[in-house]
Structures are given as C-alpha cells and as structure tokens.
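Once you've looked at the hints, dock chain B against the given chain A.
Protein chains: 2
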Amino acid sequence: MAKVTFQFENGTPVEAAAVSGENLLELARNYNIAIDAPCSGNGSCGKCRVKLLSGELDSQKTLHISQEEYDGGWRLACISKVVGDVTVMVPDIASAYKNRMKVADLSSGEEVAIFDRTVEDLKQAGIDFTNDFSLLTVPMDPPTLDDTMPDNERLIWALKRETGEEEIVLTFQVLQNLAQVLRDSDFRVKCVLTREGSTLKVMNVLPADQDVKVTGLAIDIGTTTVSGILVDLLTGEILAKASAGNGQIRYGADVINRIIESARPGGRKRLQKAIIEETLNPMIGEMCKSSKIPVSWIYRLCIASNTTMNHLLLGVYSDPVRMEPYIPSFFYSHAVKASDLGLFAAADAKIIIAPNIGSYVGGDITAGTLSSCIWNKEEFSLFIDLGTNGELVFGNSDFLMSCACSAGPAFEGGDISCGMRATDGAIEACTIDKETMEPTFRIVGDEGQKPVGLCGSGIIDVISELFRCGIINAKGIFVREGERIRHNVHGMGSYVLAYQKDAASVKDIEITEVDIDNFIRAKGAIFSAINIMVSSLDFDVSMIDHIYVAGGIGSGINMKNAVMIGMFPDVELEKFHYIGNSSLSGAYTILLSNQAEEKVHEIGTGMTYMELSTNPQYMDEFVAACFLPHTNAGLFPTVQAELEG
Amino acid sequence: MAKVTFQFENGTPVEAAAVSGENLLELARNYNIAIDAPCSGNGSCGKCRVKLLSGELDSQKTLHISQEEYDGGWRLACISKVVGDVTVMVPDIASAYKNRMKVADLSSGEEVAIFDRTVEDLKQAGIDFTNDFSLLTVPMDPPTLDDTMPDNERLIWALKRETGEEEIVLTFQVLQNLAQVLRDSDFRVKCVLTREGSTLKVMNVLPADQDVKVTGLAIDIGTTTVSGILVDLLTGEILAKASAGNGQIRYGADVINRIIESARPGGRKRLQKAIIEETLNPMIGEMCKSSKIPVSWIYRLCIASNTTMNHLLLGVYSDPVRMEPYIPSFFYSHAVKASDLGLFAAADAKIIIAPNIGSYVGGDITAGTLSSCIWNKEEFSLFIDLGTNGELVFGNSDFLMSCACSAGPAFEGGDISCGMRATDGAIEACTIDKETMEPTFRIVGDEGQKPVGLCGSGIIDVISELFRCGIINAKGIFVREGERIRHNVHGMGSYVLAYQKDAASVKDIEITEVDIDNFIRAKGAIFSAINIMVSSLDFDVSMIDHIYVAGGIGSGINMKNAVMIGMFPDVELEKFHYIGNSSLSGAYTILLSNQAEEKVHEIGTGMTYMELSTNPQYMDEFVAACFLPHTNAGLFPTVQAELEG
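Chains as they are written, first to last, in the working numbering: chain A, 60 to 704; chain B, 60 to 704.
The set of hints was computed from the structure by calculation and includes no laboratory data.
Mixed in with the good hints there might be a few duds.
The list treats identical chains as interchangeable, and a pair is accepted whether it falls inside one copy or across any two copies.
[To be verified] When the alpha-carbon atoms are kept at most 20 Å apart in a straight line, the in silico EDC-like pairs for lysine to aspartate or glutamate are as follows:
no.: 1; residue 1: Lys493; residue 2: Asp679
no.: 2; residue 1: Lys409; residue 2: Glu255
no.: 3; residue 1: Lys219; residue 2: Glu128
no.: 4; residue 1: Lys409; residue 2: Asp399
no.: 5; residue 1: Lys396; residue 2: Glu255
no.: 6; residue 1: Lys140; residue 2: Asp200
no.: 7; residue 1: Lys509; residue 2: Asp483
no.: 8; residue 1: Lys328; residue 2: Asp245
no.: 9; residue 1: Lys161; residue 2: Glu506
no.: 10; residue 1: Lys534; residue 2: Glu701
This structure is a prediction, so every number in the text was calculated from the model and none was measured.
So that you can see chain A by itself, here it is in the shape it has in the complex (with noise of 0.2 Å):
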C-alpha cells in the first residue's frame, strides 16, 4: 500500500491509500478529489493535470506536458501510475472549471431583465402566465367532544365550504404534520393548493399567520454547466439564482462519456448521485439558505436539460441512447416526483421534465425554443444553442426544423488548456494591439479581480484577434514572432494572455496552437450544421431574419468576432441577439404557466429532427469550416473585406 496526499490550493489536504500501479485519476475519483477529466481519462485532453510535490509517479509522457513542465513536476493524473508514497497537488484552475457554486438573490439585474423580456414575449405571443397554486387561508371549528370528526376530514370539509371543490386530497407529508399545526394555530391555517386533473391537491398547511412563500424551481442542467432559480410561484419574482459545474463531469466531459459509465455497475447510482446529491442538492441549499426559504416550500420543479441529462438524472438505463437507431427512453415522463429522486423539495413536488424530440435533441432546446419565440414568427429565425453539444432549430410559425453536432466543451471552457466557465476571473472579452501584439481584457467579477483563465467569449475574442492582427494565419497556426509568442520543443505555438504573477494561476495563461485548433473544430461543427441545415431547406443564410444566440458562453460574446473567425454566418449584425441561458428561461416561463407547459410539448411534437451524422455532406461541409473563417472565403464577403481594408 502507497499513501497519496492530495493537496489543493485552497482546502485541506486528502490522504488516500493506493495499491502499487493504481491509475492516479481513478483513485482520485474513489476519494471523491475533483480532477477534470473532460475525455474521462483516455490521455486525449490533457485536462487532468496534477503537480509533483514529493515521491514519484510512473507517467507516460505526452504533448501536453513540454519538458519543462514535466520537469517543474507536472504530470497527466489520467495516464499516472502510483509506484510509492507521493503527495501531488490538485490545482485550482481545475476546479474553478469545475464545481465552482455561485448563489445570488436576484432583484434585478442582467438576467432578471432577460427573464422579464421572455416573459413579455411569451405573453405577446399569446402565452397566459398563470398556474395551479394558489394559497388560501382556511378557518375551522375546533373539535369537542361531540364533533370528533378526524384532522383530514376535518380540514376537507372546511376546503370544500371555502373553495366549492369536490374532489380535495393532503400529501401524505400534509397528513404526518396536520394535528400539530392545527393545534399550534388554533385550527387557522393556511393552505397550499395545486392542482391534478379535477382534484384540488393540499401540499402544505402552515398557520395562518405565518408568512408563506409559494415556490418553484426552474433547473437548466447541462453537460457541463448546471444553472437553477428560485421562484415564487404566484408572482414570478426570481428570489434566488445558482449555478455549479454539473458533478458528473468527472467521469467524462461528453454525454457519451458519460452513458458509457452508466452502463456500467454500479454506474447509474452513481451518475445520479453526483448531479443530484452532489450538484442540485447543495445549489437548491443554498439557494433557499440565501432567501430565508425552506425546501419543504419548493412545490413544483421544471427541469430543461438534454436527452442524456434527463435520462442520467432520473437514473434511467440510457445505453440505447447512444447506439443505433439511438432510442430514448422517453421524450416525456408525467410520473416524477421529488421524493422520487431524493431532490431537496417537497415529497409531493412534481418535477416537470421539457420534453425532449429525439436522443440529441433534449428538453433543453424544446425550452429553449419556447423562450426564443421564434415559433410565433413568420420571419425565418435560427435559434443556436451554444452547449457541450451545439444545437440548432431554424423555422418560423410554419414549422421548426433542429439538428445537433456534437462542439465538445469549448463554448464553456472545456478542451482549452485555460479555459473555465463564466465565473470569477474568467477573461470574457479581448482586444489585442497589432503593432505591439499586447492585450487588453475585460474579466468577469469584481474590481481588480486577476484572470484565471478563458471563458467562451473571451476564447472567440483571442482567437478573433490573433486572426484579425495576423498572429495566427487561417489554419490557427502562429505566424508572427514575439515577446508574448512561444514555441514548444515540437515546434507549436502559444500565445500569452497574461503572466503567472499577474494573474490567480499556477501558472501563465496562454492559448496554444492546440486550443486554437479543438476551438475551431468547434465553430466548425456549428457552421457547418447551419449551413447544411439551412440549405437543406433551399434557404441561404441571407434569408435568415433573426439569429438567437444562446447558451453558457456569456453574455459578452462579441457577435462580430464571432463571424470574424467564421463561427456564425456573415449577416448583418442587427440581426443577432444574445438571449442567455434559453434553457433556463424556457424552465422559468413553464414553471409558472400552464399554457407554457402545453406549449412547450406542442413545439416538441411539432419539431422535425434531422440527423447530420449520417448526412453525406456534413464531413466535407465540416472540414471546410475548420479555418478562418471558412476555406471557402466568399460565404464570409465582410471578414474579407476587413482582413483585406
């Protein structure tokens, strides 16, 4: 036996007991020790980095660590054998890509204001923003010793005078705590009440002069990134806002990854444990901590997230989902409850899951498109959801057209060796000088926050910017020299953003010839899905009205940049718009609207699903994306005429 001590940055060092040849990253995993593993430990992704601090490890070498790096101790956790007692350190870049939770109470705010403008939207397109809760305060006659009717019956009979309802039953929660509060309040309560079918549901009693908030939550689960809300029910307002890296990521950045673990034993436990116990259940925790609410109090939960996220969340057997002819289990599922998945909420809370369309088009791109609107438009819109998978719907009120491509996890940080989501420290916008080849950032967070790493936006801005001032040339290769230019012992390239000891990093931030090129594989995969999207339908992307943008990249993406590097279609810039987390949007509206909810499955049914993949085109389509912007320079007449005036 070998002692493995795991230390952090931050955080108390973990102590883990090791067979001789035992895979480093797998007994990480067994102690719980948060190492990204995007490619889920195959060697590809180079993610997985931990530094030597004392003892050996027997490591493979790779591209990924240059000498001097393996030199200075750095080593891939993934292809790292334990040979004897050794303490590594877990850097914190990992972890701020990772699991970082972030918890706000929200009154107003960027986001606030794009759930407000989705809901105005959605009422102009005729949807009615109302739902089945309601609270009612409920008097009742104390019993005597001649009228012993029983708490339930009792509380019914006075719902039943109060509301003219026939049909009125408690959740078995309700009926464990009904005699104490009734006798704790003088037989004046207040009541919870929903709705199923033609029976009027008690959910909660309280006294009837406490202070009772009615809630919601609307969930957006991605592959990568998890975000939810806090909602009241009966007013809409947004009492609290959290997201965290999703759990599961530990074992494999992609949904493939990801099923392959769950097909094995033991393996839906534990996929379900990590995004509920591990990632939903402390965001709801401290959401409803941040608001002063309890989760007994969260009624109703709308969860939008991908085929595979929902099928892993509710611990489904999801193998058919990535094998031929890719079955779902379900597009929808009426029979989840919150007990049923342990989710900190009320036992009786139904979880409401937007229906997916097929294996990889999920509930995710359903809400998102219920948010967009674009289904009540008779201009031609195409919405485009910037996730681990990128996915696309195009169409108008006539009908809806989608189709996913796999752009890995680069929009959020992932497969850039510095890439991190949206949060603190994250570069999300850049301007590089051309003369002096010096940048200048705007990074996410407070006043004098130092960079920690790239975020999607900040990713599109480099690149666009070494491309637009001729640091790289349109194959993403370095083509000038300088003091910010770096070439490793196999010749690639790097550029550096910013220097260790200006920035909250082990080490300098720089963007290689590597993720400039896992970056353009990724806006290739999305414009050429467009593109064969679009004319499929003998359409040409001038034809486009309106393009929704949506997804983690951050509400600083630089729409002009993005054309720039040939990511989106070379339309006028008025015609983009940025709509944020779509998912989660569209999870908030159908939280609080019935007519939502049936909308939402209208959009699903309606929907058609194209398959790219087993599309002729799309390889040749794909591969002619993969350059800046496109090796065919005319679908770009505007970046040419810049890169050329």
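Okay, now just chain B, sitting in the frame of chain A:
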C-alpha cells in the same frame, strides 16, 4: 465513563459506554438492545430483568425481585443506574416474548383453512373476489432508424392495441429499467397491470419468458405482535407467513406510552424505525426469501391495525389521539405508497389502511368485523378481539356497535412474569390434577420442545384449573399448600408449572398471585365491557346467537375454561367460534377483493362507537368482574354448578 457489557444466552455480547448514573434501560435502548419494558420503564411491570454477572449496579429494591433472586444478581434495568464497569445478562425469555420472528411457507394447515373459510363466508355474503391486477404478455416491434419512437411510448402504444384502454401510465420504476428489459427480451414482455381510476397503470415490465408472480402483503400490526402474509394477488394463494414482536415494545407496552414517546424529540422517527426497519422489513424480507419472490414484486399492501399503530406507522403526529377530545389525524388515508414509508415493496405499491372509526377502535376491528361476517347476519353476534386493547363489536345486518377497553398485554403473554407469545415453547393448554396438583400441558412447537413460558390460552387454562382445583380462591389467592406452591417473604403465593431443569428457561416457570391478579383485571375489563354494551342496548347475554373470538391468544383457547374464569359470558359453548387473527384475515380479503375494500369502508362508516371510559357504570362493573368468575355468581350458572358438583 463506564463500560457496560450486555451478554445474551445466544448471540454476541454488546459493549456500551455509559456515563456514571446512567439508567440501564435507557442505555440498552440507545444501543438497540431488546429488553422488555411493557410499562416503558416506570418500574411497575417487573419485566425488564437482567442478571449481574460482574460489577455492581445501583438498583432500587422492588417487589418484583425476591431477596433470593436479588442475591442471585437479578435486577430490574429500569430502576438500575450504572456506577462502574459491569456485565449483565439479558435473558432470552424477554426476546422469546418480544422479537422472535417465525416464518413459514404455507400451502395448507390450520391458518390457511381459516383464510379459506373467511373467503368462503364473504363470497356467500355476496362479496366478489376480484381485483384490478392482471398480467399481460405484450409483443412489440423493435425500433429501427425509421421507427424511433421512444421506449415508453412504444410500450404504451402496444398496450393500447392489446387492451383497448385510453389512458395508460408507467410507474417511474418501470421507466428506469424499461430500455434494458425491452432489449434483454427482444421486445417481448410481460406487464403487471393495475388500475387507478380510469387509468391503466403498468407496475412492472418483465421478460415474457420469465416465471412471474403478482403479489401483495396483508399485515396485522398489533401493539404487541405483528403478523403478515405474502399473497398471490391473482390466485389468492398464501405464499408465506411471518410473525414477530412489535419492535416498538421497548418504547412502551401500550398505545399511551408509545404516543408519549412519539411526541418526544425524534420520537416519531424512532417509533417509525422500530416498526418499519426493525419489524416489518425483516419480516417481509424473510417471507420473500422463503418464497423466492423479489420484494419489488409486491404491488399492494393492506394494513390492519389499531388507530395508534397506524398513526405511528405513517409517522403521523398522534398526541391528540390520547388527549380529550381524542381526535385521530385520519380515519382513512388514500395517499400512502410503499416508498413513502421505505417499506420493502415496489416503490409505487399502494398501501391500503383498513379504516379507523375512532381513537380507540381502529382498522384491526373494521377488518376483523368484515371477516367475521357479523354484518351479514340477521342473528345477533358479538365479536371480541383480544389484543392489548380488547375491542368488541355487537350487532347484526341492521346495526353495529363497538367499544374498546384496555385489557393490557396479558392475552398475548405480557404483564405475566413467565408470559410469552404463542410461539415455540409456549404452554398453550394445561390441566391440573385436583388430587396431586401436578400439571399436564401441551406446548407449541416440535415433539420434545421444552416449555419456555405461558401464552394467553395457557394462562386461561392454568387459572381456570387452579380455581377448579381449589388451589386459588375467587380472588386469585393461593389457598392450598403443596410441593408446587410457594410463598415469598411477603406471603405472596405462586404455582410452579415447570422446574427450571425441565424447562428451556433461566428460572422455574411459575405463575404468581401478581400474574393472576393482572390476568383477572384483563378478563374483568373484557367481561364488564361485554356486559355494559349488551345491556345498554337492552339485550342480555342469552340473546347473543354467536360469539366470535379473535386475536393472538392462540387457537388453543379453551372456551369452557374462559367461561369458568368469567372472561366470557356463560352461554352455550357451541355459540363460541375462535376465528384466529381476524384482523389479518380481514386484511387478506381487502387485498384480494375490491368489493371487500368497499365493504370495510361501509362497515367503518356505519359502526357506532360507545365510549366506556366516560360511562359511569363501567368502573362498578369492572370491579364486580375482577373476581373468579364474578361477584354476581348468578351470571355464571353453569360454572356454579360445576364448582358445586
């Protein structure tokens, strides 16, 4: 800190850490050690005996422990304090009375005959034995790239085709495993179906070629004893039977002490854990094991129990049940599923609680009344359930009146120094030779089984025989001398039934004047309740056509002897019928028959409850009945004749 070692006649010792002065019974409870404490630790019952093996305890003296026993190391745990390291032995006699679980495969035998007869009687009373469960084989076409319907819709579509039903839902648990089952079975499955309102509900999906049973559980939760049977819902066959002591007994022998305990901090959880995790789940697990049925194949449960027991089972706040005006939280609750309680069964299995009609007449009585069929006869019947509480129902097809009296646990062997349940080693019948005063007895169990203690039917026989032989007088005082008759220092008499050398016990099996007094109070409570209820309706006992005796007292009950001691009215012996555990047989019929479920509600709604505790006559009647057979000998003419003859 002191170290307390608990030793057992069988089993591994348990070491407990105690602070000086800590109460030994409370310490044992904290360590989950089963020590009987029917009086919940107030020193009155004398059951919580332990024997000092080394070290000392600070113990109060008590009449329950003779000087000789005290010198031998016997102490009562409830009045002993830890003062240093100590080793005590916890006698098995306690666990024989408490927790010994008995499981049997059943396909014939006396008990099965009782269930069969009950079903026959109910059928003759017009009750149809059909329920909503069925098993259906469903073939499906596997999905292809051109037919990508998700699995749940594919199954529902096939079921609609096979059944013609409109509304079909799958449970969440079915959805979780559906993809795997469909593919393991080449899309040929068997579905376990039930109905909820107008909806057909799929409770399980299994490969078509698998041998499958559709099962349910009928459970009787008594205050002292719990019994259950595993039933084939399609055929009615009883697959296994189990009984065990109610694990809650360490929190008090009667419902009042348990309610008090449940209202203490954490009490509801503790009592729920004792009945669910420590009693029911082990029983269910053993029944499933013995009949090779997975617990997930249990799709429905019917539980018959008194009002307090079903409140505590559900974790419902129940303090008002014991306090004027004695209000239960519910008579009936529709909302409970197995997963709400963590019971071993399909998560979605519905739990039917036989309806209560008041705080002191519960579902055990409505279920028992159902199975007795007294509601279907023109003749007048008296139904007597001898449990820890005694409950009576009197009436016919026109009316039903009920009352309850607190008999204590004597009928199940509690409150009797050598008492035990009617399991292996229990003396269930006894005769005594009038000349020699030597006893002869019948013991529950295999040939050669040595006696362990006395069960209810045995106690009736012993007291009746002692009285008939003139060994005790009408007050239960020993009035003859002999080898088997002893007197302690206080002059209190006892009769040795079996010497320790002939018994499977740590001491002689004897019945004391205290035991006899306890039993006389129990039988007095029953007889006076009968007398008051019948006479309040202007009946007299001779007008009763049938007396149905139910309860765990054992099938060995000798009605003649029960009349002899004045427990039952002096009517023709052929009017008596022992109907076994009618609460369990009632639960069994409710499980199998929708009409029986409707009928038990009808019975519950139509039954009148007569409160004895506020009846001014009751105390007088009770005092008069605490005599062998009764102070008014004229009520027992045949007994008088026998004693005189």
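Self-check item: Violated hints, by number in ascending order, as checked against the structure
Solution: 1, 3, 6 and 8
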